[in-house]
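Number of protein chains: 2
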Amino acid sequence: MISLKNHFIFIPLSTMNLKNDLILRAARGEELERYPVWLMRQAGRILPEYRSVRASLSGFKELVETPERAAEVTIQPVDILDVDAAIIFSDILVVPEAMGLPYEMIEKSGPYFKNVVRNENDLIKVEFQFDVEDRLSYVFEAIKIANKELGGRVPLIGFAGAPWTILCYMVEGRGSKTFSESRKLLYTNPILAHELLNRISLVTIAYLKQQIKAGAHMVQIFDSWAGILGADQYREFGLKYIEKIVDSIKDVPVTVFSKGAISSLNEICELNCNTVGLDWNMNISKVREMIGETKTIQGNLDPCALYGSHSEIEQSTISLMNSFSSKRHIVNLGHGVYPDIDPEKVKTFIKTVKNYELHF
Amino acid sequence: MISLKNHFIFIPLSTMNLKNDLILRAARGEELERYPVWLMRQAGRILPEYRSVRASLSGFKELVETPERAAEVTIQPVDILDVDAAIIFSDILVVPEAMGLPYEMIEKSGPYFKNVVRNENDLIKVEFQFDVEDRLSYVFEAIKIANKELGGRVPLIGFAGAPWTILCYMVEGRGSKTFSESRKLLYTNPILAHELLNRISLVTIAYLKQQIKAGAHMVQIFDSWAGILGADQYREFGLKYIEKIVDSIKDVPVTVFSKGAISSLNEICELNCNTVGLDWNMNISKVREMIGETKTIQGNLDPCALYGSHSEIEQSTISLMNSFSSKRHIVNLGHGVYPDIDPEKVKTFIKTVKNYELHF
Numbered sequence: 010m011i012s013l014k015n016h017f018i019f020i021p022l023s024t025m026n027l028k029n030d031l032i033l034r035a036a037r038g039e040e041l042e043r044y045p046v047w048l049m050r051q052a053g054r055i056l057p058e059y060r061s062v063r064a065s066l067s068g069f070k071e072l073v074e075t076p077e078r079a080a081e082v083t084i085q086p087v088d089i090l091d092v093d094a095a096i097i098f099s100d101i102l103v104v105p106e107a108m109g110l111p112y113e114m115i116e117k118s119g120p121y122f123k124n125v126v127r128n129e130n131d132l133i134k135v136e137f138q139f140d141v142e143d144r145l146s147y148v149f150e151a152i153k154i155a156n157k158e159l160g161g162r163v164p165l166i167g168f169a170g171a172p173w174t175i176l177c178y179m180v181e182g183r184g185s186k187t188f189s190e191s192r193k194l195l196y197t198n199p200i201l202a203h204e205l206l207n208r209i210s211l212v213t214i215a216y217l218k219q220q221i222k223a224g225a226h227m228v229q230i231f232d233s234w235a236g237i238l239g240a241d242q243y244r245e246f247g248l249k250y251i252e253k254i255v256d257s258i259k260d261v262p263v264t265v266f267s268k269g270a271i272s273s274l275n276e277i278c279e280l281n282c283n284t285v286g287l288d289w290n291m292n293i294s295k296v297r298e299m300i301g302e303t304k305t306i307q308g309n310l311d312p313c314a315l316y317g318s319h320s321e322i323e324q325s326t327i328s329l330m331n332s333f334s335s336k337r338h339i340v341n342l343g344h345g346v347y348p349d350i351d352p353e354k355v356k357t358f359i360k361t362v363k364n365y366e367l368h369f
Numbered sequence: 010m011i012s013l014k015n016h017f018i019f020i021p022l023s024t025m026n027l028k029n030d031l032i033l034r035a036a037r038g039e040e041l042e043r044y045p046v047w048l049m050r051q052a053g054r055i056l057p058e059y060r061s062v063r064a065s066l067s068g069f070k071e072l073v074e075t076p077e078r079a080a081e082v083t084i085q086p087v088d089i090l091d092v093d094a095a096i097i098f099s100d101i102l103v104v105p106e107a108m109g110l111p112y113e114m115i116e117k118s119g120p121y122f123k124n125v126v127r128n129e130n131d132l133i134k135v136e137f138q139f140d141v142e143d144r145l146s147y148v149f150e151a152i153k154i155a156n157k158e159l160g161g162r163v164p165l166i167g168f169a170g171a172p173w174t175i176l177c178y179m180v181e182g183r184g185s186k187t188f189s190e191s192r193k194l195l196y197t198n199p200i201l202a203h204e205l206l207n208r209i210s211l212v213t214i215a216y217l218k219q220q221i222k223a224g225a226h227m228v229q230i231f232d233s234w235a236g237i238l239g240a241d242q243y244r245e246f247g248l249k250y251i252e253k254i255v256d257s258i259k260d261v262p263v264t265v266f267s268k269g270a271i272s273s274l275n276e277i278c279e280l281n282c283n284t285v286g287l288d289w290n291m292n293i294s295k296v297r298e299m300i301g302e303t304k305t306i307q308g309n310l311d312p313c314a315l316y317g318s319h320s321e322i323e324q325s326t327i328s329l330m331n332s333f334s335s336k337r338h339i340v341n342l343g344h345g346v347y348p349d350i351d352p353e354k355v356k357t358f359i360k361t362v363k364n365y366e367l368h369f
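First to last, the protein sequences are chains A and B.
The first sequence begins at 10 in this note's numbering and counts up one residue at a time.
The second sequence begins at 10 in this note's numbering and counts up one residue at a time.
It is possible that some hints are incorrect.
Just so you know, same-sequence chains aren't split out, so a pair can sit in one copy or run between any two.
Claimed, not checked - With a Cα cut of at most 27 Å, we get these calculated DSSO-like pairs of lysine-lysine:
hint: 1; residue 1: Lys70; residue 2: Lys186
hint: 2; residue 1: Lys186; residue 2: Lys354
hint: 3; residue 1: Lys123; residue 2: Lys186
hint: 4; residue 1: Lys249; residue 2: Lys295
hint: 5; residue 1: Lys249; residue 2: Lys28
hint: 6; residue 1: Lys117; residue 2: Lys186
hint: 7; residue 1: Lys117; residue 2: Lys354
hint: 8; residue 1: Lys363; residue 2: Lys157
hint: 9; residue 1: Lys253; residue 2: Lys28
hint: 10; residue 1: Lys222; residue 2: Lys117
hint: 11; residue 1: Lys356; residue 2: Lys218
hint: 12; residue 1: Lys218; residue 2: Lys70
To be clear, the hints were calculated from the coordinates, so they are not data collected in a lab.
Hey, can you work out the whole structure from these sequences and the hints?
This is how it looks when you write it as structure tokens:
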């Protein structure tokens, strides 16, 4: 199935002045001189420059909510690591917060929501008809500043969590290995789950459209907890809502990254998106065999490979690219870069991709 | 590939007097009048009777280490839930503890190891040449008492963690979502990882043999963290050592449960084991199509299905069994039963399996 989006894509004005549009061309399956490369979580954690910005503020949330500083750390990996795209520094949890469920980010523990959604009474408080442009203005402002400071050097990626993953946090209220409270809802009150997913989808569509309006050149949907559902449940409670979102985004390439959803890859590839992200457990050759050339594949070096020596990193990165059978690839890790990775190792990864000769 | 074990199995004396040997026959692919059923983590947590035993002791570890009480909670689900097998109440972490890394079980948080293995100096302290029969005598004693009190009503399952999962805890020192410290070792010091895996395997073989000698009628190997490795790494650091173990167990049926290792199922099915456990994300019909009739499949109702109503549980359990295309099945959940499940719901699950008419 060939996505119409690849053929009749509308190119917004803002992308016309990009000096490096490699990742956009890769997403659309166009001609490439080499593979583009970036890293999930490249903005933050691993860079001393990030940690120094972070230390000057009261915490993670202040950084997310201060457009100038968010833009600053967004650009750092472009300046320091030389990646082919910037991704706006933010968090998927700004969406549930905008919907009326504020979160705290607790050091060494993760997100915590005081209010959760478990029943109809809780749902009443979940807002979805509000002015997204106003309530999440700090994100759009950060996008504008980042683009201005990037000056067209590389494209800027916007993003949002997938509705299922956002539901997981809204129901569970914190991270979890099994998210059994969230999965429980699918059995005990599927109507409530669908209503909540629908609300999240509506807000997410408006949110991504505003990111694009503000200047995001492409967007990625992160479904971090896709892998805890079997294929049938993921179709009903996951993909159905991702489909609504990707069908609403017309102007820029869309990437869907459903971590762990190996049994649903066929169905993910039927979505009207340009790129499918793979985690490090998925075998690229096998996936390519299965899905053909209809989608660009993003990924998927094991983030732990960056603990190896420089020459080992070079080897494993080359071996990853050797497994590609076409140019429809965006090189990335199969998960966010881990916080204790040496930035010099990341540079080796990036340089190896840039020096690799495309033979298609 | 047909496992030799199915054809030349040695039946120990202790199994000859079993009143219900359904699960053993299912494991061997023999004739059945109905599917056998049990639940992972059936001994503990969900039963008020368990919680009252647990409350009378200082903590989880005292229960594990007191044979009379461990035997008592082992038998509870047979008495109360009417399952077709008992599984000895214990923990996979008794093995690393016996090897010199004591653990604490911290309430609401999980296991914690004061000492971890990160380098050659740490490895020196990891013991593997000791008298397993003596050091883990409390487990074997519990097996003897449990069997005596069961009086042959149902078989007793013994178990151990797979070497990869045990390594994860020995290196990380606690639970983790990514076990990146453990995976890091595979890149930075694979020789150390192999040496550690080898030691764990040697102890695990001795441990399972002693369990069988003490009276375990079948054994299960739990690889809880299989799913965090890609297929290539799982082959090298996971399956290679499980193979050593299953090849050493001659007298009783062996089950391998590699949670999340969907990409390695083909290879798991080439192991010399009788039964392969599936987690709730794996589709039984697809797996059966892939592996044929060479193995018994164990699983795999979503543990969250037990949050549904009694009639929904009946429906989903029947629908699971309707997806079976042969009698080579042991019905179970696809993960341990969650602590807040109503035991009455578990009874509905078990009754539904027992009332289901086999049509093969």
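message = Hint compliance check: list the failing hint numbers for this structure, sorted ascending.
response = 5, 9, 10 and 11
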